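K.L.:
Take a look at the letters that make up each chain.
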Amino acid sequence: MTGLEISPLGTVAFILVAAAALLGTLRLLLGPTVPDRVVAADTLSVITTSGLAWLAAVLGSALYLDIALVYGALAFVGVVAVARAIEKGEDA
Amino acid sequence: MSGVADVFSFIGDLFLVVGGAFLFLGALGLLRMPDVFNRIQAGTKAATLGALSLLVGVGFQHPEWAGKLALIALFVLITTPVGSSAIARAALLTGLRPWRKAHGEAEEKP
Amino acid sequence: MQGPLPDSSPAAPSTHAALPRRHWSYRFLLAAAGVFVVWMLLAGSLNPQEMAVGAAVSLAVAALSLRHLVLLDDLVLSPLLPLHLARYFATFFTALIHANLDVARRVTAPRVRIDPAVVEVHTDLHSDLGKLWLANSITLTPGTLSVDVKDQTLLVHWIDVSPGTNLEVATREIAARFEARLKEFLR
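Chain order of the listed sequences is A, B and C.
Under the working numbering, the residues of the first sequence are numbered 1 to 92, in order.
Under the working numbering, the residues of the second sequence are numbered 1 to 110, in order.
Under the working numbering, the residues of the third sequence are numbered 1 to 187, in order.
Since the hints were made in silico from the structure, they are not lab data.
Among the clues, some could well be false.
[What the hints assert, rightly or not] Quick partial rundown of chain A residues pointing at chain B, CB under 7 Å, derived from the structure:
hint, residue
1, Ile6
2, Ala19
3, Gly24
4, Leu28
5, Val80
Keep in mind the model is a prediction, meaning the values are calculated, not measured.
Glycine included, each C-beta is placed from N, C-alpha and C at the ideal position.
Construct the entire structure; sequences and hints are all you get.
P.N.:
Shown next as structure tokens:
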């Protein structure tokens, strides 16, 4: 496992994940309400967390696993914080 | 390359494809569903299983990372539903009413 | 939804007495053990030095966060805990996969066919950890999403309430499957 070696199946998986990220981004941009955007951001963060773990495999470096973990933790705290914030404020 | 590693790598690829497919379906649901609550439903479930499947796939290709991957999987498993519930609650409390299907013939209230 | 209805008694009094706290050492040891396991998974080696530092850090973290871990009191330790957890996760993963096939079916249909409503689901679990865990499980099962928890009632967004559904029975079904499993190791 050296360098960038992606099998044909891996390419298929990559296209699917990329499409998922694209659709999620679309929902993020479209809204229409704030919670809609937060849901999109939340889903994107889960995609990114697992994507980072995959990146670790593709690049052959375990370092990215730690990044995935920290990213996941920060994203979770962020999502809950924003959810709490829109609960308190009344602009939706 | 040894045979066993190849087989593991192949199984890992299968999990990656399945995971990618679920992530894609979840994102599609995010786009197609009519309101926040249904979007959360589709998004959370599919993203959770999709992410888990990706992590399992990576685990097959790098068995030596199993511990850390399991930790990430557990983390995703615990935090995703909590996040979704938090958003759903916020949406409900800000006054968003869940989308209802227009019952043509049988008026609601079963 | 699908599946036979487990015959758990739906008549639970909602007299919500606060559950008693346990001795602080119970929480402390659970927390320390949990942190140590996480440490070992992160370290990924059985190096004695690594383990020694891990043990020290676990004890320190457990001591510092003791006040915030009241939730751990709700876990019931028993020799059968691994078995109970395994049974729960078997139920859970079956439901999660069902849920995803369900999502896949709905999302790929030419027209999205759903008939959602917010329903109330009563639960017999009294502890906070129990309700949290149940709510999480419900969120990841087919067609349901926990929105809020008030005392013994979960507010659940349900994606497909067909007209004519017996809500009384159906809402029990949503919770009952997991409750039976969770009650084995949670208060």
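K.L.:
Please verify that hint: Leu28/A, Cβ, nearest Cβ of chain B, below 7 Å or not.
P.N.:
violated, 9 Å
K.L.:
Minimum Cβ distance from Ile6/A to chain B below 7 Å?
P.N.:
For Ile6/A, the interface hint is violated, since the closest Cβ of chain B sits about 9 Å away, which is over 7 Å.
K.L.:
Is the hint on Val80/A kept, meaning its closest Cβ partner in chain B is under 7 Å away?
P.N.:
holds, 5 Å
K.L.:
Going by Cβ atoms only, is Ala19/A closer than 7 Å to chain B?
P.N.:
holds, 5 Å
K.L.:
Does Gly24/A pass the interface hint, meaning its C-beta sits closer than 7 Å to a C-beta of chain B?
P.N.:
This hint holds: Gly24/A lies near chain B, its Cβ roughly 5 Å from the closest one there, short of 7 Å.
Taken one by one, the earlier hints fail for this structure at numbers 1, 4, listed in ascending order.
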